[in-house]
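Using the hints, position chain G against chain S.
This is what each chain is made of:
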Amino acid sequence: MSEKQVTRRNFLYVTTGAFAAAGAASLAWPFVDQMNPDASVKALASTEIDLRPIIPGQSITVMWRGKPVFIRRRTQAEIDEAKKVNLADLPHPEEDSDRAQNPEWLVMVGICTHLGCVPLGQKGDYNGWFCPCHGSHYDTSGRIRKGPAPTNLEIPDYVFLNETTIKIG
Amino acid sequence: MSENYAPKSAVGKWFNDRLPLLNLIYGHLLPYPTPKNLNYWWTFGGILTFCLVTQIITGLVLAMHYVADADLAFASVEHIMRDVNYGWLLRYIHANGASLFFMAVYIHMARSLFYGSYKEPRELIWIIGVFIFLLMIATAFMGYVLPWGQMSFWGATVITNLFSAIPLVGESVTNWLWGGYAVGSPLLTRFFTLHYLMPFLIFALVILHVWALHVPGNNNPEGINVVQGSQDTVPFHPHYVVKDMFALVVFLVVFAGFVFFVPNLLGHTDNYIEANPLQTPEHIVPEWYFLPFYAILRSVPDKLGGVILMVSAIAILAFLPWLDTSKVRSAKYRPLYRQFVWLFFANVILLGYLGAQTADGLFLIIGRIATAYYFAHFIIILPLLGYIEKTKPLPKSLSEPVLSPEERQMKAAASGASA
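If you're matching them up, the sequences are chains S and G in order. So our numbering is basically just the index in the first sequence, starting at one, shifted up by 17. So our numbering is basically just the index in the second sequence, starting at one, shifted up by 273.
Extracted from the complex, chain G is given alone in its bound form:
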């Protein structure tokens, strides 16, 4: 697709002959053949790239003012908010940007689940995506620790203590992570270093993610294979560049709404109190995007068991391409899966709600049922559906489902004549 690109300018030609970088960019961004029926759920890949770049740029400038020391961190964040020119804006973009990043990534993952984008031949794209998600979790968690407020401190304490559940070496591992015997300055400094590093690792994985995507090409709402370059595809530019841009503008309206009108809506007021190692806040609650996993952690009465289950809840995603035994990708043609996938989404939202409540009484019981259902979806429902579900017949091309009966007949006659 990119081989026949020839730069027009002499400089471009000189450069491209020595390093075919323009060739590479051209091929992946301009004529790249894309299924013609991608809906707005497919615009979140571009939105996520935008989020990553925004976090890197705002993070870079915040790091110019932030001090990663337990005695100075909280004051330096207040300094950013009050004294640094536009510091409030940069920090609010960065903090809300993290939330919107997760909002977008959950939609992006949900789209993949609904339309079966993780299935053969796109398993590796999905698995790389799971690793990106893991890195995002680590990055967001470490970033939340940096302001060194009460939630930062106690969130870091609870999460690093998860490692103490490891048999035999648990205590040594936690002391190693802390660089001491409790959460303190050494931990803050190393979290800052890693928080700075990880977005670049994510960026590298995003390149692999897109590279792997461009081998088989995009999945599509019908979930059928399309022949690249056939009538079922259109060039990425201008068709999807424009569609992605429009979606991005709508996304930016929401983003700006958060930043300018309710910048602290998704945060916790406790984090505006400086970290105090002698006083634990009444309710330690993680950021909203971790709540479903937090609910899973708390649903187990055993410390090690809870940790294992929470890690499994994410790790199981990597095995999804093989747990789902159905050959049909899109939920549009899977009448049973279509219901179960919505049930799964509802269950995750329920877990998120439970993660914010106190873990006792009825909440705990519902939490356990919801946790059991989360895993049952992957290890019971998905493998079985492939065998018992009667899927609807798939269209032969992307045009077929939208053609009128007459047009369909004409097309059939035409292909019959040519055959």
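Excised from the complex, chain S in its bound form:
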């Protein structure tokens, strides 16, 4: 028998402590989780947009989940420019066809992936978007080309409900 005997009292200490810790942890969760997006915020999680008023070369900005979403009806020149880019030149390689379900329509979250500013359209070295905050340049497909942003502009989940309407989210 070892000198340090495990007594009935030791067992009670450890199990009581373990139960108290588990109880405290489970009680802490509501206090943490209350800060997560609530039901009313989540309820606004999808938006439908009528695309008919937009002519080629025009963009609109819509709000989705409190964020701006750019919807651009690209010109043929912009589509060609986006398609002919060599993927090896990109910091975050993505095909244009993976970013636009219908090449004419580019739908993306209008938030710079660096620190969340709203980039300005048809500006910058790649004729796409330019973020004034810290100088990130995006191309006509919203892909990062130059500057501190780590990734391309985010593409939200969206579906074409019909020829002229999309649903984001």
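No wet-lab data here; the hints were simulated from the structure. Heads up, the beta-carbon is just placed ideally off N, CA and C, and yes, glycines get one too. Treat the hints loosely; a few may be bogus.
[To be verified] Between beta-carbon pairs, the in silico distance windows are: (1) S:Thr92 to G:Leu345: 36 to 46 Å; (2) S:Phe48 to G:Pro440: 24 to 34 Å; (3) S:Ala56 to G:Met518: 25 to 35 Å.
[Claimed, not checked] One side only, chain S facing chain G, incomplete, derived with CB under 10 Å: (4) Arg25; (5) Pro54; (6) Ala94; (7) Ile96; (8) His131; (9) Cys148.
[To be verified] These stretches of chain S come out as covered by chain G in the derived footprint (C-beta under 8 Å, 3 or more residues): (10) 32-46; (11) 155-163.
Same frame as chain S, but now just chain G:
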């Protein structure tokens, strides 16, 4: 020092016998032995306490009129400025008070760096101070968000997005902070709550800061140990109470100058435009007191790297007592450190200047060099100086450096005779 205090009144005695609160206050504020040579750089502790109390009182009354809701916040601040009796004054005191608070805390920290106040046995005072500084940064940042102007909104966006740099859980953490998918009302409400809470946490840490200070007693410009109660110390009251009061009055002149003559000098005009989530201002610049750290953030081309470096720039301060290997405290007796510490101060000011400029071209290159130097000061220069620097001989007492040669001889003869 406080044990022999006896209240004179019967009520005081009755109270003190049951709760020795008067005893405690008396001991820490009146006869507390203080080195007799403290200069005006030592008055900033009292000034900072004044700043904290001012922010709490003005903040309390502003909260009686402010509404923490994204649709109402901006209008409620304008309501304070235009309609509430003396609202303009209270808000200008609070807004400029934050700036002056940081001005005072930077001077207070610089004094500690120059005179080596962070060294053994005062490491904990310094570390508690670093935590107070961290809380001040968080409080000031959250407070700046509350008026819900363009700078408030976009500053909050940029800073909360820093958390998205955390690998794997970054996005969940930012959504949790926002209570949504972008900066909005939920964030404003929680920032207001925390902005209200944190000054009281700071207050609690200030009590610990002073308590820890009163164990070894104050450092002093010579940086030598003084024996408490010897000829090198004087009672805190009236000597330093009066000196602190005088410094405070001078500080208040500057404070009033800002509040009454240039209340918006340190602010951004963009913040008088209501927050617009669809339009980012041309240049997002933080308040002046964050600029050095902002410059460090921007000097790194990588998002996560920039965030890590900026956090490290503050965290490294907590390790300062061990990074500085020299046993001599005061820069007065450290000929090399004396130059390097001034270089360090100049470098921080340079970083502050760069933080306000656009991060490209020459500014970016200088910013990177200045960032590298900031860290080099702590992890290369300070550890090495302790080994290569030849320090000057330290005086034996605070009187020695100011005595004439004759007086010094007399004193030496006297102590020789008594020995």
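The hints, checked one at a time:
1. Separated by about 43 Å at the C-beta atoms, Thr92 of chain S and Leu345 of chain G satisfy the suggested range of 36 to 46 Å.
2. Range check, Phe48 of chain S to Pro440 of chain G: about 26 Å between beta-carbon atoms, so the 24 to 34 Å window is met.
3. For Ala56 of chain S and Met518 of chain G, the hinted distance range of 25 to 35 Å is not satisfied, since their beta carbons lie about 56 Å from each other.
4. The criterion of a C-beta within 10 Å of any C-beta in chain G is not met by Arg25 of chain S, whose closest approach is roughly 41 Å, and the hint is violated.
5. With a least beta-carbon distance of about 5 Å to chain G, the hint placing Pro54 of chain S at the interface is held under the 10 Å criterion.
6. For Ala94 of chain S, the suggested interface contact is broken, since its CB lies about 27 Å from the closest CB of chain G, more than 10 Å.
7. Among the interface hints, the one on Ile96 of chain S is violated; its C-beta lies about 26 Å from the nearest C-beta in chain G, farther than the 10 Å criterion.
8. With a cut of 10 Å, the hint placing His131 of chain S at the interface with chain G holds, because the nearest CB-to-CB distance is about 6 Å.
9. Because the smallest distance between the Cβ of Cys148 of chain S and any Cβ of chain G comes to about 8 Å, under 10 Å, the interface hint for this residue holds.
10. Under a criterion of three residues with beta carbons nearer than 8 Å to beta carbons of chain G, the stated coverage of the segment 32-46 of chain S fails, only 0 such residues being counted.
11. By the rule of at least three residues with a Cβ nearer than 8 Å to a Cβ of chain G, the coverage given for the segment 155-163 of chain S is violated, with 0 such residues.
Of the numbered hints stated above, those contradicted by the structure are hints 3, 4, 6, 7, 10 and 11, listed in ascending order.
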